[in-house]
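Visitor: Line by line, the protein sequences give chains A and Y. With numbering that gives the first Met the number 0 applied, the first sequence closes on residue 500, and no number is skipped along the way. With numbering that gives the first Met the number 0 applied, the second sequence closes on residue 500, and no number is skipped along the way.
Read the hints as simulated data drawn from the structure, not as lab findings. Among the hints, a few may not be true.
Just so you know, same-sequence chains aren't split out, so a pair can sit in one copy or run between any two.
Each computed DSS-like pair below joins lysine-lysine, with the alpha-carbon atoms no more than 30 Å apart [unchecked claim]:
| hint | residue 1 | residue 2 |
| --- | --- | --- |
| 1 | 290 | 414 |
| 2 | 245 | 290 |
| 3 | 107 | 427 |
| 4 | 371 | 387 |
| 5 | 408 | 63 |
| 6 | 457 | 63 |
| 7 | 63 | 34 |
| 8 | 371 | 90 |
| 9 | 141 | 381 |
| 10 | 408 | 77 |
| 11 | 457 | 1 |
| 12 | 400 | 374 |
| 13 | 245 | 22 |
| 14 | 374 | 387 |
Protein chains: 2
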Amino acid sequence: MKLRVDLLDAELGDLRVVFIPQKVAEELDLIPGGKARLYVNSRETTVLIAVNGSQGKVLRLSKKLFKELGEPKEVDLKPHIVPASVTYIRKKLDKVKLGEKEIFEIIKDVVSGVLTDVEIAAFVSAQLSVGMDINEIIYLTKAMVGTGNVLKFDKPVYDIHSIGGVPGNSKVSIVAVPTIASAGIFIPKTSSRAITSPAGTADTMEVFAPVEFTADEVTELAKKVNGFIIWGGTLGLAPADDILIKVEYQLRVDPVSQMVASILSKKLSMSVQNLLIDIPTGREAKVESLKEARNLASLFTQVGNGLGLSIRVGITYGGQPIGYAIGPALEAREALESLMGKGPTSVREKATAIAGLILEMAGQAPKGAGKKVAKEILRSGKSLEVFKEMVNAMGGNPEVKPEDIEVGKHRVEIKAPMDGYVTGVYNKPLTIIARAAGAPVDKGAGILLHVKRGHKVKEGQVLMEIYSNSAPRLQEATKLVSTLKPISIEGMLLETYPEYV
Amino acid sequence: MKLRVDLLDAELGDLRVVFIPQKVAEELDLIPGGKARLYVNSRETTVLIAVNGSQGKVLRLSKKLFKELGEPKEVDLKPHIVPASVTYIRKKLDKVKLGEKEIFEIIKDVVSGVLTDVEIAAFVSAQLSVGMDINEIIYLTKAMVGTGNVLKFDKPVYDIHSIGGVPGNSKVSIVAVPTIASAGIFIPKTSSRAITSPAGTADTMEVFAPVEFTADEVTELAKKVNGFIIWGGTLGLAPADDILIKVEYQLRVDPVSQMVASILSKKLSMSVQNLLIDIPTGREAKVESLKEARNLASLFTQVGNGLGLSIRVGITYGGQPIGYAIGPALEAREALESLMGKGPTSVREKATAIAGLILEMAGQAPKGAGKKVAKEILRSGKSLEVFKEMVNAMGGNPEVKPEDIEVGKHRVEIKAPMDGYVTGVYNKPLTIIARAAGAPVDKGAGILLHVKRGHKVKEGQVLMEIYSNSAPRLQEATKLVSTLKPISIEGMLLETYPEYV
Numbered sequence: 000m001k002l003r004v005d006l007l008d009a010e011l012g013d014l015r016v017v018f019i020p021q022k023v024a025e026e027l028d029l030i031p032g033g034k035a036r037l038y039v040n041s042r043e044t045t046v047l048i049a050v051n052g053s054q055g056k057v058l059r060l061s062k063k064l065f066k067e068l069g070e071p072k073e074v075d076l077k078p079h080i081v082p083a084s085v086t087y088i089r090k091k092l093d094k095v096k097l098g099e100k101e102i103f104e105i106i107k108d109v110v111s112g113v114l115t116d117v118e119i120a121a122f123v124s125a126q127l128s129v130g131m132d133i134n135e136i137i138y139l140t141k142a143m144v145g146t147g148n149v150l151k152f153d154k155p156v157y158d159i160h161s162i163g164g165v166p167g168n169s170k171v172s173i174v175a176v177p178t179i180a181s182a183g184i185f186i187p188k189t190s191s192r193a194i195t196s197p198a199g200t201a202d203t204m205e206v207f208a209p210v211e212f213t214a215d216e217v218t219e220l221a222k223k224v225n226g227f228i229i230w231g232g233t234l235g236l237a238p239a240d241d242i243l244i245k246v247e248y249q250l251r252v253d254p255v256s257q258m259v260a261s262i263l264s265k266k267l268s269m270s271v272q273n274l275l276i277d278i279p280t281g282r283e284a285k286v287e288s289l290k291e292a293r294n295l296a297s298l299f300t301q302v303g304n305g306l307g308l309s310i311r312v313g314i315t316y317g318g319q320p321i322g323y324a325i326g327p328a329l330e331a332r333e334a335l336e337s338l339m340g341k342g343p344t345s346v347r348e349k350a351t352a353i354a355g356l357i358l359e360m361a362g363q364a365p366k367g368a369g370k371k372v373a374k375e376i377l378r379s380g381k382s383l384e385v386f387k388e389m390v391n392a393m394g395g396n397p398e399v400k401p402e403d404i405e406v407g408k409h410r411v412e413i414k415a416p417m418d419g420y421v422t423g424v425y426n427k428p429l430t431i432i433a434r435a436a437g438a439p440v441d442k443g444a445g446i447l448l449h450v451k452r453g454h455k456v457k458e459g460q461v462l463m464e465i466y467s468n469s470a471p472r473l474q475e476a477t478k479l480v481s482t483l484k485p486i487s488i489e490g491m492l493l494e495t496y497p498e499y500v
Numbered sequence: 000m001k002l003r004v005d006l007l008d009a010e011l012g013d014l015r016v017v018f019i020p021q022k023v024a025e026e027l028d029l030i031p032g033g034k035a036r037l038y039v040n041s042r043e044t045t046v047l048i049a050v051n052g053s054q055g056k057v058l059r060l061s062k063k064l065f066k067e068l069g070e071p072k073e074v075d076l077k078p079h080i081v082p083a084s085v086t087y088i089r090k091k092l093d094k095v096k097l098g099e100k101e102i103f104e105i106i107k108d109v110v111s112g113v114l115t116d117v118e119i120a121a122f123v124s125a126q127l128s129v130g131m132d133i134n135e136i137i138y139l140t141k142a143m144v145g146t147g148n149v150l151k152f153d154k155p156v157y158d159i160h161s162i163g164g165v166p167g168n169s170k171v172s173i174v175a176v177p178t179i180a181s182a183g184i185f186i187p188k189t190s191s192r193a194i195t196s197p198a199g200t201a202d203t204m205e206v207f208a209p210v211e212f213t214a215d216e217v218t219e220l221a222k223k224v225n226g227f228i229i230w231g232g233t234l235g236l237a238p239a240d241d242i243l244i245k246v247e248y249q250l251r252v253d254p255v256s257q258m259v260a261s262i263l264s265k266k267l268s269m270s271v272q273n274l275l276i277d278i279p280t281g282r283e284a285k286v287e288s289l290k291e292a293r294n295l296a297s298l299f300t301q302v303g304n305g306l307g308l309s310i311r312v313g314i315t316y317g318g319q320p321i322g323y324a325i326g327p328a329l330e331a332r333e334a335l336e337s338l339m340g341k342g343p344t345s346v347r348e349k350a351t352a353i354a355g356l357i358l359e360m361a362g363q364a365p366k367g368a369g370k371k372v373a374k375e376i377l378r379s380g381k382s383l384e385v386f387k388e389m390v391n392a393m394g395g396n397p398e399v400k401p402e403d404i405e406v407g408k409h410r411v412e413i414k415a416p417m418d419g420y421v422t423g424v425y426n427k428p429l430t431i432i433a434r435a436a437g438a439p440v441d442k443g444a445g446i447l448l449h450v451k452r453g454h455k456v457k458e459g460q461v462l463m464e465i466y467s468n469s470a471p472r473l474q475e476a477t478k479l480v481s482t483l484k485p486i487s488i489e490g491m492l493l494e495t496y497p498e499y500v
């Protein structure tokens, strides 16, 4: 039935609920809370029905959904029928391998909104409990690329990507990308905002410059500089990813097949041909054992090769935070210091190791000598120079100094309760505390560590500082320190370590 | 934050969306489409947030949710935290066995509304793809009983239950229950309304008498008669079941662990001690092979025994509809005829076989002679007499005659396109056609078969009639006959049979 579109006086976020009059509901045999198919021109999406007391042939929806549908004046509402993709999801739950067309159909229906969150949850669950083989992951990746935009460039495209999971990691790309670019290698890095971490690379880069660009603006950027770091969210690359991630986040699951497909689809959508994957490995990282890391590396390589990508994987240490700073502004400051040749050794070591592998892939350094060449570039000041060009091209202030970067105006020091050696600096508690302090939305919020594993401390010595722009948030974050125990000192480990999610 | 409750001018069905002013959302750090915890006294439930332009400390919700929450004047809204049960669901997806407390926590959160449909979808998916062992199904059943009402009676309780899936099956209980009751056996049968079939036993029984009773009314009924057939939906028995079924229905899945737990929990909530399970087996039934039926029988027996139930399982033929009538009124008429000793042999055979097994369990017939005794009861008119008492006690008209039962006022005859033998009368197409005609909501809608498998037909002979009270629905149902081919005649089978969901 054709219905006139009107706006609702309410925001519903991602809820696809539309309001229709009782009479329309009756005529279409629709019930409150039930599903219906909504057509805008020939594009189909599934909506949930709310029935209100209004009159006429009108459908009310939220401003967000209105925009997503392309601001239609009129829509066509029809009774729900079960899409074929639900049958394919059920097949996967029944442990049947899916073919290319079936996976494409599922992803197409994810993107268009034909599949509801409940059905997507079953798809994600099936990936976790049944799993996908190499071919299925290849199909999944292709489908995710094929249902979104693809940006093209007129030169070979390189990129680096860390699977994340370790706080403080976002600054690595900020040091590595200009180092790679200064060797004449084109690296248009798309990055993500934090979902569960204190700072995504995009959040940290945004401290220096805007990170949201249109496809045309990206093309222009590519003409000006060889490297940049932008947020991938506005470019419509592999849009299935965002929808799937929201459901995964609700279920607190992250199936490996979906992770591999998500990463590779975003990269293929940027026409990346040569990719380095970083797998931080260690206690409380996404990958905890070397064995697991090797399996994942092999999976990335097989799937990547199946998709025509030249791919290398670096397994790095992720058993404690990278460097000392956690949170966008604090990490931005540490990254800038690293580009100036200062700051913690560990950041410079990791960034040059990553950059070195790309230099080798691009033939800009002999095999095994990449890190040495990268270190030389960083030491010479070339990385910093290219970083300034990059910030300038992106619309930021290239002359910013570390001390110009504003961090949270409230600050608390956490001190050592006893003498001893630091036996652990833990990723998960630090992540929870930094987020409680306000990161990543409050760019100044976060943690500055003063110690790392193995350091000797005296009672009363500062172990870490927590920063925030909100006094109540800082208080809440500080309270978490005593329950989550983010830093342990020899002797403290006798007590059991609490569980956290 | 304490919020005053107000009613929304819209019906939302099962959607747990609440509307709050922008200012409240900001203070609680809630986003549109996101989750929050809602407390009424100490009872917690999860709601989804919509933000509107209103003022003050007010929360607006649908009348349905308002009732479910006990019509509170004030509620307490808090930011969402991930319930522990989500962690247990994730464990199950990771193929870890769950303990009794973990499963109880999941089911408790299903019933209270703490778990959302997305999370429940993951739980159902895990049951399908990972599976549950005997102990887990026992825990699941116990949890489902423990989170609902339990009715007690002062005499031993017997019951029969068919797992369903075969059209025309609802009349079997209507013949079997009075036959069992007339032997002095107490059988307070709770039954369900159709979800995917053309008629649940409750839908068909409702043609004779009201089927909705309160717990107190059931206690009164039990004093008057030894047997009755009521709808279980109003008694608050194992309320998790309804919520889980709605999600299973959306995903078109029916995990065996959940099916067993659902059936047994409903029965244990009625204090059933002695149970007969009927597994109709055959092409297009829920269970297609005898091997599968035996496995399921063994599962029911092991779980039932683990729960202290005395249980027997009958495997019956379900490869075509039971009897000739499909749909509430048509089946009610055929059931009444069967009670009068008329109607199709197959209905009387199945009903007495089922009743006979209960007679044996209750010691009212020697082992192996139950069916013979049941047939004698039916033939003697005692079943009909007890049925009339039962209808009378339930508030219906005990003197109703088969010809008094109104069937759909519109009717179409489907005729044989050729001479030959009937090679198949198919459950799934007949179900779809009967539902398209309006069953079970339109009680008069359905199908009256004129032939069964093996019958010889002449070209132009009537194969079946479709009934409906709606002319357009009848037309739609009739159109489906040519595509779904519900009855095949020798020679027709050369063409491929279409797929249907």
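Visitor: Now, for every hint given, state plainly whether the structure supports it.
Guide: Hints, verified against the model:
Taking the shortest alpha-carbon separations for residue 290 and residue 414, neither the intra-copy value of 36 Å nor the inter-copy value of 67 Å comes in at or below 30 Å. Proximity of residue 245 and residue 290 under a CA criterion of 30 Å is satisfied intra-copy only: 29 Å inside one chain copy versus 42 Å between copies. Taking the shortest alpha-carbon separations for residue 107 and residue 427, only the inter-copy value of 29 Å comes in at or below 30 Å, while the best intra-copy value is 35 Å. With identical chains, the CA atoms of residue 371 and residue 387 are at most 30 Å apart within one copy only, with a shortest distance of 23 Å there and 95 Å across copies.
In the homo-oligomer, the alpha carbons of residue 408 and residue 63 never lie at most 30 Å apart, since the shortest distance is 35 Å inside one protomer and 47 Å across protomers. Taking CA atoms no more than 30 Å apart as the test, residue 457 paired with residue 63 passes in neither setting, with 55 Å inside one copy and 61 Å between copies. Taking the shortest Cα distances, residue 63 and residue 34 sit within 30 Å of each other both inside one copy (19 Å) and across copies (18 Å). With identical chains, the CA atoms of residue 371 and residue 90 are never at most 30 Å apart, being 51 Å at best within one copy and 45 Å at best between copies.
Taking the shortest alpha-carbon separations for residue 141 and residue 381, neither the intra-copy value of 37 Å nor the inter-copy value of 68 Å comes in at or below 30 Å. When the C-alpha separation of residue 408 and residue 77 is checked against a cutoff of 30 Å, the pair qualifies only between copies, where the shortest distance is 28 Å, while the shortest distance within a copy is 55 Å. Within a single copy, residue 457 and residue 1 get their C-alpha atoms no closer than 74 Å, and across copies no closer than 47 Å, so neither meets the 30 Å cut-off. Proximity of residue 400 and residue 374 under a CA criterion of 30 Å is satisfied intra-copy only: 22 Å inside one chain copy versus 96 Å between copies.
Taking the shortest alpha-carbon separations for residue 245 and residue 22, only the inter-copy value of 25 Å comes in at or below 30 Å, while the best intra-copy value is 34 Å. Taking the shortest Cα distances, residue 374 and residue 387 sit within 30 Å of each other inside one copy (18 Å), while across copies they are farther apart (94 Å).
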